[in-house]
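Asks: Take each chain as given, in its own frame, and dock them per the hints.
Residues per chain, in single letters:
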Amino acid sequence: MAYACAIGTRNHRFADLRELLAKASPPRSGDQLAGIAAASAVERMAARMCLADVPLATFLGEPLIPYETDEVTRLILDSHDAAAFAEISALTVGDFRDWLLADTTDSATLARVAPGITPEMAAAVSKLMRNQDLILVASKCRVVTRFRNTIGLPGHLAVRLQPNHPTDDPKGIAASMLDGLLYGCGDAVVGVNPAGDNLQAIISLLHMLDEVRSRFDIPTQTCVLTHVTSTLQAIEQGAPVDLVFQSIAGTEKANAAFGVSLALLREARDAALSLARGTLGDNVMYFETGQGSALSADANFGVDQQTCEARAYAVAREFKPLLTNTVVGFIGPEYLYDGKQIIRAGLEDHFCGKLLGVPLGCDVCYTNHAEADQDDMDTLLTLLGTAGVTFIMGVPGADDIMLNYQSTSFHDALYLRALLGLRRAPEFEAWLEKMQVTDAAGRLLRGPSPPLLAAVGALGIGD
Amino acid sequence: MTDMKSADPWQALRRFTSARIGLGRAGASLPTAEILRFGLAHAEARDAVHLALDVTALEAALRTRHGPGLVVHSRAPNRASYLLRPDLGRRLDDASAALISQAAGQPPQGHDLAFAIADGLSALAVQRHAPALLDALRPLLPPDWTLAPPVIAVQGRVALGDEIGERLCARMLVMLIGERPGLSSPDSLGAYLTWDPRVGRSDAQRNCVSNIRPEGLDYPAAAKKIAWLLTENRRLQLSGVGLKERSDLLA
Chain A
279 MAYACAIGTR NHRFADLREL LAKASPPRSG DQLAGIAAAS AVERMAARMC LADVPLATFL
339 GEPLIPYETD EVTRLILDSH DAAAFAEISA LTVGDFRDWL LADTTDSATL ARVAPGITPE
399 MAAAVSKLMR NQDLILVASK CRVVTRFRNT IGLPGHLAVR LQPNHPTDDP KGIAASMLDG
459 LLYGCGDAVV GVNPAGDNLQ AIISLLHMLD EVRSRFDIPT QTCVLTHVTS TLQAIEQGAP
519 VDLVFQSIAG TEKANAAFGV SLALLREARD AALSLARGTL GDNVMYFETG QGSALSADAN
579 FGVDQQTCEA RAYAVAREFK PLLTNTVVGF IGPEYLYDGK QIIRAGLEDH FCGKLLGVPL
639 GCDVCYTNHA EADQDDMDTL LTLLGTAGVT FIMGVPGADD IMLNYQSTSF HDALYLRALL
699 GLRRAPEFEA WLEKMQVTDA AGRLLRGPSP PLLAAVGALG IGD
Chain B
6 MTDMKSADPW QALRRFTSAR IGLGRAGASL PTAEILRFGL AHAEARDAVH LALDVTALEA
66 ALRTRHGPGL VVHSRAPNRA SYLLRPDLGR RLDDASAALI SQAAGQPPQG HDLAFAIADG
126 LSALAVQRHA PALLDALRPL LPPDWTLAPP VIAVQGRVAL GDEIGERLCA RMLVMLIGER
186 PGLSSPDSLG AYLTWDPRVG RSDAQRNCVS NIRPEGLDYP AAAKKIAWLL TENRRLQLSG
246 VGLKERSDLL A
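Going down the list, the sequences are from chains A and B. Going left to right, the first sequence walks through residues 279 to 741 as this note's numbering numbers them. Going left to right, the second sequence walks through residues 6 to 256 as this note's numbering numbers them.
By construction, these hints were calculated from the structure, which means they are not laboratory data. The structure presented is a predicted model; accordingly, all values stated were derived computationally and were not measured. Careful, some of the hints might be misleading.
[Said to hold, decoys possible] The calculated lysine-lysine pairs, modelled on DSSO-like cross-linking and capped at a C-alpha distance of 27 Å, are: (1) A:K531 <-> A:K598; (2) B:K229 <-> A:K449; (3) A:K712 <-> A:K449; (4) B:K10 <-> A:K712.
The shape of chain B in the complex, shown without the other chains (with noise of 0.2 Å):
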């Protein structure tokens, strides 16, 4: 048996990170073991995919401290029309839209900043980051910032906070969102930052820090470079290519 396959002598490296090396090989391809391995992560990858957001228990665990969200739904009625839509899934459906107009206020009072929590490609993500991310990030912004009620969407892709930033007059908008899942990460939460949020912005307009998750960008990192970004992004009146992250520079 031994001779069927060979070993890789280099396989201490693999504790420095969790990409696939040091797999060895049966000729020149992959053991069958690795294909088995890869053929589960594969599986899980798909079935997170197509799991649908718990909002009960998502509004229920940010409750407590952001207060009540609102619940809303993009124009996508389902995980399907999600996929093969964009579009879709970038606009309010119309009772979501008058929802979020209607808590903005007549006249609307505007924000300094509002929170979107979407579920993405991966609510399982969201699910199990984004209340985390909420607690740790709001201790780091300015107290004088004033903040919209969170709002959670459900079918919803990036672009979709720009809608919801537009109507509730929020003069920056950060989209928490689950990113595609890979194998090795079913559950990354991305962050994507908007000065001025309006419909049409493009993602050259955006800020993005992604891959949070405690295997990733831990919590208390992510917090830190979201809370300078907003901030430069305030001070320059602007996000996207324009604004260079250096979030190392904060002292």
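So here's chain A without its partners, still in its complex pose (with noise of 0.2 Å):
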């Protein structure tokens, strides 16, 4: 059905919903480079304001995707929640943005709603807000998720410990995994990203991390960040697997070039239950996302970039991960050209991600070939911490050896824990406590861990 708008002398006139939502998002690279922006900023603003008197039921009705041909759809719509849907359904996407930002909407009622909004009407919304109203909102959502820690309580903020090194050195990540950890950072995980695909290679590292978790007695989860079928036989083979990641998109299409489905998906949550390695809970998917993957993989079908990315959350939410977090500037300038819009966007995918139920986390990152620097980092990370972001990076010194881009540092986290008092995941901070890297308050201890430091002897890595 089409939809129309007249501004002045001018009707501005949109085909369907799908062209509706993409003229109706804020600027940005990819969906310029997809043909699907808006041509001007007076027919964006017709586009809005078009899209604020549209039903949320609609979405329901107009799937933008077939329902036949894309099983992303078909989750979508076969798992919505009535019942939690039918307090908002009388609302038009501009209502929706007014209810959201109510005194009255707050954080019992957000998740109550939660399983009835789909991740379109997540889209569609966040395209009428500024980007306070993406943070004041997303900051009343509560998604608490837990394995051998408990991530996303108020007023935490857990760091993903990113020890990459470019040959998968054990004893190079062993170095900057404890620097991380010396640095109180590691609660939402210990997650290494392999410069290859070997499987014994991936095994090794798996049980190197483990061995170094039980060590220590951390109370954290480990990760290596690679294929989920290479995960699926590193499992098979008797691997130390606490989490089962995957990298995944908003459509059919765009999974199948990650070569993952739902299926597979579900075969390798299963395989990871069945490991019973969680011993407070039983999240155990870890999810990379990020928008203008669904273009790069010609698998967008017309729907703008921020749309499909919130489509990638309904793929999350459906296994119930430990963590998910949007990797956002790192697919480069064709999608995110500079600063502005990777800020814009990882405010986007972190509302929409938490509007949803998803505990989202956030790569605060950016590559050397998009106009962005580390001040744009800190700007995006200063609003996700107000935000309540679940999880950020922590990498050493923001600089990813491995994966040659930028992102957030040991100290950056360091750096939003003093400013805005915010803790780390109680377990993992009570266990720094206990090894001296912390005071009570969680601020880094002058003075270097005992027991800590003599673990440069017992991996190998001293003298």
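Replies: This is how it looks when you write it as structure tokens:
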């Protein structure tokens, strides 16, 4: 069905919901690349005005990508909770923004309604929201997950320790891992992106990470971020797999380009659950996403990249992940051109994920071919901290020497904690205090941690 | 002064990795010297992205051992459009398409393997490492394989190799391409292997060996991996996630 909005003497027409959403999106290079962005600033506002009047229920009746040909659409519609939706079913997209911002819409309300919200509804309302709206509403959302610790409590921020090494050298990885632990990072996960997909090397890494974790009884989880089929093979060979990692996207075809399907993700989750390694909970999945992945696989079907991204969170939600993060600036300037676009996308992704009930973190990051720098990352990091982001990355000095991009550092996490008073996962924070890394307030102690420094020798990386 | 910042007593660990560890801190933040060191590295990486490929020098470096090359351009006329329009970097411009088709012969004789070498996001990586990597790789390939002339591509992306391979009627294609420059590695080379290259192949249908440079995966190790993968690609007649990399099993 077509949509129209008159501004002055000009009547702006939009052929369908897909076009309306795309043209209502804040400007970004990826939508321009796809040829679906608004042609002018006024057309963009016309689309937003039109979108504001669309009833939320319309999104249930007009799938952006056909139900018959896309399993993500089927997942979204088949798993939609009509009872949870009832509370907001009479609202338009514009009303929905007002409702989300209302003082009476509290954390409990948002949690109750989340299963009734589809990614398209979340994406649509985000397009009418300013950055401060995205921050404020996200800060009201609570998503708590557990494996060996508790992630997502109010006033808390977790950090994924990312000790990558360009050749997967175990000593190099262990050195970065220790550095991160000594800086109080690693409660979300200690997660390595392997340089290769060699199965035996991946299994060795899994054993190494698990050995350090168990030697010091660290209340956290470890992960090697390899393809889900490799992790399945590792599980078959008896490797200690805490979390199953996979990159996911918002359409069936884009997931196929990643070499995955919903059935494969289900199989992997079942395999991880069968190991029963979580002590506090059974959130065993770790997903990564990012705007632009569908278009880059030629699998966006005319849907704007932010809406495709929100659909990836519906995929994530289905598998009850411990962690999901948008790798917001990793994909490059053809999708998010500069600091302004990266910042906006990071806030949108975090908002949409949280609204849907997904434990969203953000890899606050950029590449060297984007028009962005560390100042932009400081801005996004600070905004996400106020929005209650579940976790961020901790990369030594913010420089990932394997993936060749800049993220956030152990120091950045300390900055955010000092500024906003954010605590670590409680079990991990207690461990840090016991290990004499931090004081009772969670601040780094000035002196070294004798137990962890002793690890330098124990790990075979000392003199 | 010493009270204003604190050093990390585990700096000895720095010899195990080039990661920025043991940096010390001023309060919770980075010391000034580290802020400046990082800023300089970023400046170098930014400059690397915009450095143009020296085609003449690369062609000369390849000519002796690998024969004369074909020089092609993608449809991206310059770096700015290359960065914003990846679709242009994945297709040959008209003149280049004709050049490759002509080189393939009429009818095309076909080749077991073709190499494409593209600037990607770091011409520096290609310039420094592609000839040496090819030198290390060639002796490891089965002697009966027929090789197409090497193709040097300007403003090229990984998938440009699909069109090159298809037009050359190559059964397999290896794309050597400059990876996005990192702060510590402005010159990292990637190798993407595609069985039966055709326009429209997805990344899941490729095998990748990345971070090829002396400080990362060195030439002999990278060559061994690539040779093993190519042999398996050919044996299984596929590439990508269907083939898990187990080159450690290679005797």
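Asks: Indicate, hint by hint, whether the structure satisfies it.
Replies: Cross-check of the supplied hints:
no. : hint              : verdict
1   : A:K531 <-> A:K598 : holds (22 Å)
2   : B:K229 <-> A:K449 : holds (23 Å)
3   : A:K712 <-> A:K449 : holds (25 Å)
4   : B:K10 <-> A:K712  : holds (24 Å)
Hint compliance for this structure: no hint is broken.
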